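The primary structure of each chain is shown beneath.
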Amino acid sequence: MEVRKVMAGLKDATAIVGIGRTAFAKHLPEDERTLACRAVLAALDDAGISPGEVDALASYTMEETDEVELAKAVGFGDLSFFSKVGYGGGGSCATVAHLAAAIAAGQATVGVAWRSRKRGSGPRPWTNTAVQLPTPGQWTRPFGLLRPADEIAMLTRRYMHEYGATRDHLFNVALACRNRANQNPAAMMYDRPLTREMYMTSRWISEPLCLYDNCLETDGALACVVVSRERARDCRQRPVYVHSAAQGLPAQHHGMVNYWNDDPLTGPAWTAARHLWKHADFTPQDVDVAQIYDAFTPLILLSLEGYGFCGRGEGGAFTEGGALEIGGRLPLNTAGGGLSEAYVHGFNLITEGVRQLRGSSTAQVPGAATCLVTAGEGVPTSALLLRS
Amino acid sequence: MLSPVIDPEGAPFWRYAAQGELRVQACADCGEPRFPPRPCCPHCQSFAAEWRRMSGHGRIWSYVVPHPPLLPDYAEQAPYNVVLVELAEAPRIRLVGNLVARAGARLDSIPPDRVRIGAKVRVVFTDDGVPQWVYG
Ligand SMILES: [Zn+2]
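Those protein sequence lines, which keep their order, are chains H and V.
Here the first sequence is numbered in the UniProt record's numbering, starting from 1 and rising by one per residue.
Here the second sequence is numbered in the UniProt record's numbering, starting from 1 and rising by one per residue.
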């Protein structure tokens, strides 16, 4: 125990020992609360831990099922830690990070993180013009910059102009995700292959982004269970250790409309990455597989730069030559990601990272021992380094 | 069309725009301009602010061309351009707007293929006091 006390904070102090999910579909009949209960109970069953042992929870501020509802429905014990993280998909990895911090600090012993969302059945969030945005909509919405896709397309056009990135680079991202989804029976796009012809002739959403540059609209829920490394040894599954974890909100950042600072094309990924790598025993070159937040294809190019896989402006070129495919330099989003498996605010990227390090992915990277998982780029974000 | 939902910090911008003036918030102590407006200066933490008049000249930093699904008033004009204009006097301030043929013209009054990054533009105002941009 003396050794543990002088070790740095979070490193390998906790592990993900259970994952669970519902089906993914455009429309599921059950409500979000029921889906949340199913995913959480599936994750606990996967771990071999009873609901009564859970004493910590973490989710997103956008999560509609609150702690009280979940706890009384599935029969949790007394909770001593619960937190919610803001900024939509930017909070995905932070849910695990908060649980890891709470458990490492002795504030809790068994943590559950979850996300349940009927984004497929529900209205598109941008159609609610009454909602107040982090950056007031008075500066963007009257001019017809209405949707997240429009806001990110603005940065994408500038990125392509400055660095010579092309639609083929964006296609490489969409294709890698779709190819992995075609190997994953749970993915919404399992039986729908993508070709370059389909991509290049698809309808525009917000030029330069087309239909296939945008994530899916999904009903579904996911959860995972976090415990201390000591407790993890007694669980049903091989532990996947939380090696390093970070949140990132850069100075003078403005969210998805990051238009008012010196360098709008460096975002929260850069900030999260500095902390993530500072506390890690390995480097980007040692990452076997990556699950990178993909609400839009250009977020992958920015994240590849931000997390240190290539230099500024090299994100497009990095995707060439099958680099993101199985057998490539950095296999990406191996269950299909938000673009082709399911869009549940990035939680399916966490669970797929766990499957890769257990050796049970439907698109397994042989011998994968390290995985980067990231949350939404372009909003205050978070990231995890997982290892087996 | 969506009218600006004006908050107290943004109100001076729209008040000046209604008079045909483009002004941005600046620190009254260190002089640093800032956008969007906020309670205090991130450089020197002063709460003293002024609204500095801009020449109205800038360059297109980036642009998008939205297509439906959009809100009905915008879908009716799509595809249209939305430009991000870097102000000549304050390059870190990039205003979202529309490049149009003349003041008050529709969002689709300039064909999307005529919009270029780097193009020089200047501000004009609609009768309702909304800034727009024209070439020149
Ligand atoms: Zn100042």
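Calculated from the structure, these hints are not laboratory results.
Note that this is a predicted model, so its numbers are computed, not measured.
Ideal Cβ positions, reconstructed from N, Cα and C, are used throughout, including at glycine.
Among the hints, a few may not be true.
Not the full set, but computed from the structure, chain V residues with beta-carbon under 7 Å of chain H [as the list claims (entries may be wrong)]:
#, residue
1, D7
2, P66
3, Y74
4, I117
Far from chain H, some chain V residues (derived; all Cβ distances over 10 Å) [said to hold, decoys possible]:
#, residue
5, D29
6, G31
7, R34
8, P36
9, S46
10, F47
11, E50
12, R53
13, H67
14, P69
15, P112
16, R114
Negatives, chain H to chain V, calculated, CB over 10 Å [what the hints assert, rightly or not]:
#, residue
17, A71
18, A153
19, R229
20, D286
Checked hints:
1. The beta carbon of V/D7 is positioned within 7 Å of a beta carbon in chain H (closest approach about 5 Å), and the interface hint is therefore held.
2. Nearest Cβ of chain H to the Cβ of V/P66: about 5 Å, under the 7 Å cut. The hint holds.
3. Contact between V/Y74 and chain H, as hinted, is supported at the beta carbon level, the nearest pair being about 5 Å apart and thus within 7 Å.
4. At its closest, the beta carbon of V/I117 sits 5 Å from a beta carbon of chain H; the interface hint therefore holds under the 7 Å criterion.
5. Distance check for V/D29 against chain H: the nearest CB is about 18 Å away, which clears 10 Å, and the non-interface claim stands.
6. With a least beta-carbon separation of about 17 Å from chain H, V/G31 lies farther than 10 Å from that chain, consistent with its non-interface assignment.
7. Residue placement check: V/R34 does not keep its beta carbon more than 10 Å from all beta carbons of chain H (closest about 8 Å).
8. Once the 10 Å rule is applied to beta carbons, V/P36 is inconsistent with being away from chain H; the minimum gap is 6 Å.
9. Non-interface call for V/S46 relative to chain H: holds, since the shortest CB-CB distance, roughly 17 Å, exceeds 10 Å.
10. For V/F47, the non-interface assignment is confirmed: its Cβ lies about 18 Å from the closest Cβ of chain H, beyond the 10 Å cut-off.
11. V/E50, annotated as away from the interface, keeps every beta carbon of chain H farther than 10 Å; the closest lies near 18 Å.
12. For V/R53, the requirement that its beta carbon stay farther than 10 Å from each beta carbon of chain H is met, with the minimum near 19 Å.
13. The beta carbon of V/H67 is not kept farther than 10 Å from every beta carbon of chain H, the shortest such distance being approximately 4 Å.
14. A beta-carbon of chain H is positioned within 10 Å of the beta-carbon of V/P69; the least distance is around 7 Å.
15. Consistency note on V/P112: stated as away from chain H, yet its beta-carbon is not over 10 Å from all of that chain's, at 7 Å minimum.
16. With a minimum CB-CB distance of about 14 Å to chain H, V/R114 clears the 10 Å threshold, and the non-interface call stands.
17. Non-interface status of H/A71 relative to chain V is upheld: no Cβ of that chain comes within 10 Å, the nearest being about 37 Å off.
18. Non-interface call for H/A153 relative to chain V: violated, since the shortest CB-CB distance, roughly 4 Å, does not exceed 10 Å.
19. The beta carbon of H/R229 sits about 41 Å from the closest Cβ of chain V, which is more than 10 Å, so the claim that it is off the interface holds.
20. Every Cβ of chain V is farther than 10 Å from the Cβ of H/D286; the closest lies at roughly 35 Å, confirming the non-interface assignment.
Taken one by one, the earlier hints fail for this structure at numbers 7, 8, 13, 14, 15 and 18, listed in ascending order.
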